[in-house]
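J.: Given next are the chains, with one letter for each unit.
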Amino acid sequence: MTLIRNEIMPGVFLSCITTDKFKTGCLSINLLSQLCRGTAAMNALIPHVLRRGTRRLPDIEQLSGELDRLYGVGIAPTVRKIGEIQSIGLMADFVDGPYVPDYEGLFHDTVRLTCEVLLDPCLENGMLTRRYVESEKQQQLDQLRSRINDKRSYSLQRIIELMCCYEDFSVSRRGDEETTEAITAKDLTARYLTLLETSPIEIFYCGSYPYDHVKALLMEQLKDLPRGEIDFDIGTDIRMNAVEEPPRVFEEELAVTQGKLSIGFRLGEVMEAPDYPALYVMNALYGGCVTSKLFMNVREKLSLCYYASSMVDVSKGLLLVYSGIDFDKYDAALEEIFAQLIAVKNGDFTDDELLFAKRSIADALRSTVDSQTDLEHYWLSRNLRGETRDPLEMSELVEQVSREDVVRAASTLVCDGIYFLKGNGEDEEDEA
Amino acid sequence: MNVTRYKAVKETLYEEILPNGLTIRVVPRPQFRKCFAAFAADYGGADQRFSLGGEWIETPAGIAHYLEHKMFDTEDGNALNILAASGAQPNAFTSSDITAYYFECTDRFQANLEQLLSFVSIPYFTEESVEKERGIIGQEIGMVEDNPGFQVYIRLMQALYHHSPVNSSVAGTVESIAKITTQDLYNCHKAFYAPSNMALSVVGNVDPEEVVSMARQMLPAEKAPKPVVDYGAAEPELPKAHYTELTMEVSAPQFMIGAKVRPELSGTAHLRQKHVGNLAMAALFGRASRFYSTLYSKNLLSGFEYDFDYAANAGTLCLAGESVNPQAVLEQVISAADEVRKHGLDQKKFQRAKNAALGNLIFSLEEMDDLAISLAQSSFYGYNSLDSHRPEADVSKEECEAFIAAYFTPERLAMSVVAPGGK
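Protein sequence lines, in the order shown, are assigned to chains E and U. So that you can map any letter, position 378 of the first sequence is 503 in this note's numbering, and since no number is skipped, the others follow by simple counting. So that you can map any letter, position 42 of the second sequence is 177 in this note's numbering, and since no number is skipped, the others follow by simple counting.
Next up, chain E with everything else stripped away, as it sits in the complex:
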């Protein structure tokens, strides 16, 4: 499962894993740019508009018919936020091997169609088709507005927005409502052409064909890709310390019956030379798995919450805790969540706690090699930060993480914001 990665055209990098263990293949094309408020919504809209039709197959019915004909090839728009880099593009999955009749031309046709969707959209008067732009704007607005439906993810988004309000990281993956509403077909077309010309492009392939074959096919199908001066000056600013001391506290009210408490931390100076395996294990031990301190103590032992977990973002250098609590448990839950963090910092955990945390991370990493989409996610984010160790190498490093490594990984953690979503006195259930 070795990965070959090379620049095949100016600013276009192909990462290729050749393997015959899967019955399907996966190809993603990702255009990278700096995440910022002015362009995030436009960038996010582009792959959705492209997916509406091409010059040759100008509507959903015809494009989908062609996908069906090719044995159900999927070509999905992707919009991702990795640190302060926004990645937009297309992800194709397709049958790979002698499992369907006339399978030999299938990979060729899939690559051709994916590149066609990217490069040869259905235009009117030289611009992206207005009714597709308007219709996908509406879908994007609906999606942005519906974020309030899921209070758990909403409270996580809010702590990021509030805590990182001076950083680009506060912008969401699909931008915001205001900038979405203002998008015109003309502006979007200009932005689309700029991205094609200037953005670094990461292509990922996993399937049965060798690197040279994939490269030749892509170079042929991408020959019309306009390449100008590539904007390689993209990346993530990592803030090492808290904005204010003591941490800022944010409260909001909505018609909810269960409170949501989320807490944001900066990983701090350890991010100057991040020890990734230790950071993963530290997070798993603190709140990232079922045997973690937050789960076992805050939830199981003290029953202070319905759930309490943590997640680590090593691209941005953040650790986030999120939990669902009764409104009157706010002080007690907060106190216990901090107490458990101090325990991690002090090395106050058993050998078993450490072992179980390591197992959970190592198992997840080893599972990565059994899923093409997991491999794709893994390598896209690793390529962005210049990491070359594969999931199995990483899992071995995780197994070697020591107690001291975990303590060190937690040593510079500093709280930078607390967000509490509480009820407004109206019982949500009565409104139905």
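Calculated directly from the structure, the hints in this document are not laboratory data. C-beta atoms are modelled at their ideal positions from N, C-alpha and C, and glycine is treated no differently. Be a bit skeptical, because a hint or two may be false.
Covered by chain U, per the in silico footprint, the following chain E stretches (three or more residues, Cβ under 8 angstroms) [to be verified]: (1) 147–157; (2) 180–186; (3) 191–200; (4) 434–444; (5) 448–459.
Result set (EDC-like, lysine to aspartate or glutamate): computed pairs, CA atoms no more than 16 angstroms apart in a straight line [claimed, not checked]: (6) U:Lys-433 - E:Glu-186; (7) E:Lys-146 - U:Glu-146; (8) E:Lys-276 - E:Glu-377.
Fit chain U to the supplied structure of chain E, relying on the hints for placement.
T.: Relative to the frame of chain E, chain U by itself:
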């Protein structure tokens, strides 16, 4: 051990039925790191009235799900934590027709399988722990009932079904679970968790012999009788109601349109009906259909899905999505079916839908968890889900047209809507 090779998809199924009646199905994947194991009981939310040795027993709605929660209690603590500590990712679910416990792991498979077989076959709960669970499940029910997706589904089932237990929530209601006793749970475990009423399936980097020998060693040797389940009188062909609506706090109206299907009960006929139904729906409502493109381009449809589901001798066709005008979607369903009744399906489009269906079968093999669950579940219906990959699974255009003509008629369809409202 019975070995079946599916050459067209390069898969091999190892199957064994133990003297105690347990069905074991293993699909080895030597190139993979991961193993996925599922241990399932032919027991779900719809199995409420049953007889074991002559006497009929009525149990409250939600008992199968309650039992699932309590099975994780073991002498050594919570089985979820024990498996997680071993690096496995365990979980369980209860549907209308089965309860499945499962884990996936990349290491210590034998120890994890032993743990799975042990905690599912040995009930270890007390009056006190059962009582404590009532509050937790009550909260879960409250959360589920607040979910528009659940409401639109359950209300469709209540509109379609006059009395089949598939029209009740798998988790039951706060009232129904209040009646569940510790003894009820032990009785249901004894009746439904005997190996003869269960299946064990494993997909991944594993030796089938090891799985079989572990099951022999861990599970009771004697063969217990299978319980007889009563789903009530036969359902009338037509729905109980054609339309139902509820207002909730949603950003746009959610709808589900459904129809009852005369279920085929024998294994092979059942599998064929599934293929015909799924392909008919793909041809009629898929992304490449006139139906979909018309509604989508008018901004009248988003998040659209369709499904053909079986449980408890009931087959249900469902179309679900979001629309500012669900009535327009229903009208389009009826007119699309009318079109097929008059002119048949377009040959070229049908062939494309068939290609896509074949591709989707290959995609489904990549999901080890889905494959394992479907292998276990299909054993309860008397077939084997890998048989979808045999050449005789081929379906004709005429079969699909007949299916569409029979089921997508105005008198057979019901629609459930959850509309924005309240404040």
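J.: Indicate, hint by hint, whether the structure satisfies it.
T.: Consistency of the hints with the structure:
With 3 residues carrying a beta carbon less than 8 angstroms from a beta carbon of chain U, the region 147–157 of chain E meets the three-residue requirement, and the given coverage holds. Evaluation of the coverage hint for the region 180–186 of chain E: fulfilled, as 3 residues show C-beta separations to chain U shorter than 8 angstroms, against a requirement of three. For the region 191–200 of chain E, the assignment as covered by chain U holds, since 7 residues bring a beta-carbon within under 8 angstroms of that chain's beta-carbons and 3 suffice. Counting residues of the region 434–444 of chain E whose C-beta sits closer than 8 angstroms to any C-beta of chain U gives 0, which falls short of three, so the coverage hint is violated.
With 0 residues carrying a beta carbon less than 8 angstroms from a beta carbon of chain U, the region 448–459 of chain E misses the three-residue requirement, and the given coverage is violated. Simply put, U:Lys-433 and E:Glu-186 have alpha-carbon atoms about 13 angstroms apart, close enough for the 16 angstroms limit, and the pair holds. Our distance criterion of 16 angstroms between C-alpha atoms is met by E:Lys-146 and U:Glu-146, whose separation comes to about 12 angstroms. For the hint pairing E:Lys-276 with E:Glu-377, the CA-to-CA distance comes to about 12 angstroms; that is within 16 angstroms, so the pair holds.
Of the hints listed earlier, those the structure fails to meet are numbers 4 and 5, in rising order.
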